[in-house]
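Engineer: These are the residues of each chain, in order.
2 protein chains.
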Amino acid sequence: MQKSLSVYDSDGSTFVPLVVIELVSETKEEAIAWLLNRVRDKQQDGGAELLVEQLTPGAQGTEKDNPNVYVVGASWQRLLYGAEDVGFFKEFNDGSMRGFTYANKHNFKEFQGDGDGFLSMAECQYIIKHELDNLRAKDEAHVPGYPKMKLYPGKSVIRRMQSKGILVQVFPLHEKEELKRLSFSWFKKIKLSFQPLDDIRHYFGEGMALYFGFLEYFTLALIPMALIGIPYYLFDWEDYDKFTVFAGFNLVWCTVILELWKRLSASLAYGWGTLSRKKAFEEPRPGFHGVLGVNPVTGRAEPLYSNAKRQLRIYLVSVPFVLLCLYLSLYVMMIYFDMEGWALMIHDEEPTLWTGLLLFIPSIIYAVVIEIMNLIYRYAAEFLTGWENHRLESTFQNHLVLKVLVFNFFNCFASLFYIAFVMQDMVLLRQSLATLLITSQILNQIMEAFLPYWLQRRRNKKAHKRMIKTMEDKELPLSEQVKLEADMSTYLGTFDDYLELFLLFGYVSLFSCVYPLAAVLVVLNNVTEVYSDAFKMCKVFKRPFSEPAANIGVWQLAFEAMSVIAVVTNCALIGMSPQVKSYFPESETQLIMWVVGFEHFLLASKFILTFVIPDVPKHIQIKLSRLEFESLEALKKRVTE
Amino acid sequence: MQKSLSVYDSDGSTFVPLVVIELVSETKEEAIAWLLNRVRDKQQDGGAELLVEQLTPGAQGTEKDNPNVYVVGASWQRLLYGAEDVGFFKEFNDGSMRGFTYANKHNFKEFQGDGDGFLSMAECQYIIKHELDNLRAKDEAHVPGYPKMKLYPGKSVIRRMQSKGILVQVFPLHEKEELKRLSFSWFKKIKLSFQPLDDIRHYFGEGMALYFGFLEYFTLALIPMALIGIPYYLFDWEDYDKFTVFAGFNLVWCTVILELWKRLSASLAYGWGTLSRKKAFEEPRPGFHGVLGVNPVTGRAEPLYSNAKRQLRIYLVSVPFVLLCLYLSLYVMMIYFDMEGWALMIHDEEPTLWTGLLLFIPSIIYAVVIEIMNLIYRYAAEFLTGWENHRLESTFQNHLVLKVLVFNFFNCFASLFYIAFVMQDMVLLRQSLATLLITSQILNQIMEAFLPYWLQRRRNKKAHKRMIKTMEDKELPLSEQVKLEADMSTYLGTFDDYLELFLLFGYVSLFSCVYPLAAVLVVLNNVTEVYSDAFKMCKVFKRPFSEPAANIGVWQLAFEAMSVIAVVTNCALIGMSPQVKSYFPESETQLIMWVVGFEHFLLASKFILTFVIPDVPKHIQIKLSRLEFESLEALKKRVTE
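In the order they appear, the protein sequences are chains G and V.
Residues in the first sequence are numbered from 1 upward in steps of one, following our numbering.
Residues in the second sequence are numbered from 1 upward in steps of one, following our numbering.
In isolation and in its complexed conformation, chain G is listed as follows (with noise of 0.2 Å):
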């Protein structure tokens, strides 16, 4: 971790600036006083006992800067402890992994002399994060200076004052060398190679890294798809028959790829130490209220909210508007077609260049109106989620991408099921496919990394205009930095890479036997989805708090039932090809039969495969009994009275 930025704390000695927190610029003295109070207060009296300063404005600082701009750091020995508080683990001296404590600090491995560089700078924020949110309230009735923000004794202090505005953001800062060396050994180097996600863990987290590493697994599990997909579209366009050995290969080879991805994030999460933290110890996430009480698993204070009243909202009013969202995005697809009815009569009665632009237009329409529902259904979802108040960040997030998952894969996918399987047109579904497909990742290749890039661009060059210094060099001083960086766009999580990620599957499955040239466009897509992404995390956007994962979670599940439908519409898109019904010409029943009983055969097998296939490899399970072996054992012999 890089020494070179350092502040003064307000007892003379340095630290190293970790996290900014920006409160709005006319926020009250006193309401300051309070929070930098409660930040730099002993543990044992219920503050967080970091390191906070104000920002000193640079020689460029202008008048228009905020002046409420605060750095927190912590001291080594304060992070060991919070090390031990978020229960990371990390590589013991017999080469198994440990859940860290101070006093046993000496047996890890890495731990050298007072503990500097243990812990890496990700981490260091990570546990900043966690000590800052769970900096609560003990008997203040409100915020000093805002009678209207109510505390209450266990209430997040910095989650109240998020909520009511005044607290602007926390984010933690970039290490411009360490940037610099993972920017370069990561997407500035030509030469074809595996990404360093060693070193992209290190930077960003777990749940970064395992989204780098899901993104090139997939990308190469799909490459002999792609190769196979190849001569199948130069030769035998027309020929379903050798199309059902492809779509059979196909269904196989996604049932194997997720399953041993299974095993292979379990390597990964095991040796970055997150495959042992267990998810029961979880904190409640920062916005979960409820009534103050005691967690009957840890015996600590924390806010309670009732578990029927929760289930009454998910299933009263989340389910019913999910369902309200489908059926308007079926009548929206309805319109949609009826468009295209009516746009075809025009052209066929008179056929004209303007007409034919006309055929054009339906399709633009849904594909924004799409866009447009995509986007509000996404707020929806998300304050609904957030009213159906989960205790832990992990629920939280798996009823999020439940509900938008849902609702996009009926969204992209409902137009072609309905080419596909009510019209049963296999030209327009072949070249629906192709048009969603590309259009598809062109948008998203502009709209992810580029579009932001640039406009954080022109923003910088109107803001600082006479700061001739930028992002890459070394000398930029830290009250330049933190600006620069406050500046730029909020990643919001991995939420949007994985959505895309699904959908392209998808693409991939769904049809892949009406179109076996889709795994070619989406190994091409990923290659530089990688390029796209990396650049965006290194150069666009914030730096984000690092979150500890242990595998990919909901989309796990989410990919296999997108296999598991995939094996229905290939199937019934197999039985509906012209060649396939040949076979049987004079009875259409007996075609039917045979080919739902393929069908229930791909889906017991894949069934089979899944359990016969071990989620975690034999090494790293015997690892994890050992340690769950000496923590029994532990248990036994200590006399608790």
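One or more of the hints may lead you astray.
For chains that are exact copies, the list does not tell them apart, and a pair is met inside one copy or across any two.
Straight-line C-alpha distance at most 25 Å; calculated SDA-like pairs for lysine to any residue [said to hold, decoys possible]:
| hint | residue 1 | residue 2 |
| --- | --- | --- |
| 1 | K536 | E178 |
| 2 | K542 | P196 |
| 3 | K623 | V294 |
| 4 | K581 | M593 |
| 5 | K262 | S306 |
| 6 | K148 | Y327 |
| 7 | K262 | T395 |
| 8 | K542 | F495 |
| 9 | K164 | G47 |
| 10 | K105 | E630 |
| 11 | K262 | A561 |
| 12 | K28 | L384 |
| 13 | K539 | Y336 |
| 14 | K148 | K164 |
| 15 | K309 | E110 |
| 16 | K618 | N398 |
| 17 | K618 | T395 |
| 18 | K42 | I346 |
| 19 | K109 | K148 |
| 20 | K180 | L304 |
| 21 | K28 | Q621 |
| 22 | K262 | V554 |
| 23 | K262 | P153 |
| 24 | K262 | N307 |
No lab work stands behind these hints: they were computed from the structure.
Following the hints, position chain V against chain G.
Structural biologist: Okay, now just chain V, sitting in the frame of chain G:
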């Protein structure tokens, strides 16, 4: 635990006899002396540190009686240490279930005085069995006096002597007082009540109690089905329309009851302390052999066997063997249908009384052949699974169950499938189903309980003609009791009982829409099954060693698989019914599409239900998390050097 019976140790101290070891009468003196010494030796010297004494023949002892019968017991202290070894979970002072430790013994709820009565007799017997099984050879090259009985360091002594035939049997003793009380509350009372599951668990162990719990639960869960089935049977015999509703109800019901059983069994197992016992720490099963090495999880010396070799044996030998057997079974079924066709032809040509009787001959022959095939296959499966050399008893059982299950399912239901889907003869299907169900029930009850009881009574009358005293007699001396029990049949585990339930579940669920009365028959059968099973456990068989179990294991999966298959078969049957067909007079294709769609909807609902209903009730989940949390905290606190 009764203390009325006791024998004198060689030191003159008394002990309660728990387990009986019987060696063949011509065993060499030196082998006996060596074995007894090993059993008595201190644990640090590699012995089992148990108390063992030769049984002194009673007054009625004859020359013919085997003199080499030994009773084994242990001091209370030894048993408590053993309880820690085997990892029993007991109720702690704070109401939670914790792993018992000797050091911590006074903090357990039911621990009083010197610990007398803390462990049930079944638990003590389990501990002794565990210690005897783990009596391993040190540097002996062979059993003394038997140069051909090779031993190597780490080989289980008891197992080697058993496999070479000098050790006839090891079995736990009944407690007459307890047994009488249990019998009375279990099956001698006439009034309708739940079974005394806690008492059953106390006497026979968790595995057995879970079987009876499942049997009872299954019966109760079928009652709604049976109640709905009766009016269908009485009033609407031929109206398939309403059967569709009935079948739909059945399918959802099956899923729900199986899910709820998981929760109930988790509750039971938590209260019995088996839910938290970890599988990974199971000792290797006595039959497991391999090169002595170090277990990577526990660090203890034990035989190791390459997993790759085991997989090869499974996939290259066992799987092909099972497939071959299935093919044979199919072949036999086809011969049966040929025979039946031939008998029908003769009867049709010239119908007389004799040809009328001839019609039954093929079914009888087929039923007998099925039974014989099941029997032979059972032995082959046990041999093969033993040869696969699984490390744990539980994995051995899983593989055995899987093998036997697949074959039995095929053997019993293949003819029904053939009648339903190839011959499409619903009247014959209903007849066959009823016949198979009723005959198998009657045969089972006879074969299982009354036949062994009758055989045993006859044998006892012959062998102990002079003896007037019987098992019921309180004053029976120990030597007589041991002799009586040694002659009782050995209970081979819950395998056959579960298999029977599984097949009954198949009869009731697979074709429920053609024969709604099946549920009624199964309920009636199960009620008598409870009594006959209870009777056979208490009166017919030797007491079995208790087996700690947290759930019904692989059977849960088997029942769930059956309920998935039931969705497919019932949907197919509904689609084939003339009433449903009449809704789609013009297009068979459309009919099939609807049925397939309905089936997919049902399957999807099943999986969503499985996913939505948590497997462990919330309050138990919290207790488990707390234990886990505390055990991790304990590990953190322990400074390992």
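Engineer: Which constraints among the numbered hints does this structure fail? Numbers only, ascending.
Structural biologist: 6, 12, 13, 15, 18, 19, 20, 21, 23
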